[in-house]
Amino acid sequence: MQNRTRIVEAARAALAESNHVHLNEIAKRAGVGQGTLYRNFPNRGALLAEVYRRDVEELVTAASALLAAHEPVEALRHWLDRVIDYAEIKYGVLAALEPTAWRDLVAHSQNPIEGALGHLLDAGKAAGSIRADVDAHGVLLLIAYLGRLDRDEWESTARPLMNVVLDGLRRQDADR
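No gaps in the numbering here: position 47 of the sequence shown is 49 in this note's numbering, and each next residue is one more.
Simulated from the structure, these hints should not be mistaken for lab results.
Here are the in silico distance ranges between beta carbons for each label pair:
| # | residue 1 | residue 2 | range |
| --- | --- | --- | --- |
| 1 | 3 | 150 | 35 to 43 Å |
| 2 | 163 | 26 | 31 to 39 Å |
| 3 | 55 | 134 | 30 to 38 Å |
| 4 | 156 | 60 | 15 to 23 Å |
| 5 | 140 | 26 | 38 to 46 Å |
| 6 | 7 | 84 | 18 to 26 Å |
| 7 | 162 | 3 | 34 to 42 Å |
| 8 | 56 | 128 | 26 to 34 Å |
| 9 | 153 | 114 | 24 to 32 Å |
Don't be surprised by glycine CBs; every beta carbon is placed ideally from N, CA and C.
Input sequences plus hints: build the corresponding full structure.
In structure tokens, the structure reads:
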């Protein structure tokens with residue numbers, strides 16, 4: 003199990019640097035041999051899909067933990083920061099997979115992510131800090147455009163755009 007986790011973490015780190023990752027490089031980063039890598043992941047697609055699934059799981063479970071530690075708007079801000087990190091890795095995974103494989107991954111992750119975002123928005127609405135006329139589906143449509151950013155403009159553009167989204171979600175009469 004430790005080898006599997008190290009391999010997934012190494013693949014995630016490699017994807018953060020480039021869309022073009024090679025399995026031998028991932029094995030070296032993880033400190034495992036090629037055989038160990040292939041025993042855990044029979045092909046590149048299986049490994050990349052696991053990176054994607056784990057990121058979705060972490061993103062979804064983070065919503066409740068963030069709400070337990072922060073006021074709703076601040077929890078949403080932290081969660082949106084995670085979305086930026088997730089989207090960067092997602093971009094690399096989807097670029098490296100066949101279209102059929104990534105469509106299936108995206109289809110299976112949309113409902114859990116929308117549910118986590120809905121949980122954050124509902125908490126903000128209940129606290130009076132988030133607009134009542136927004137829903138998770140609409141917000142996901144707004145932030146989906148991040149996937150169209152080129153890798154070289156990601157750092158300079160993604161977080162400022164997410165701040166615009168967050169500012170738009172706040173109730174105008176709510177304290178900032």
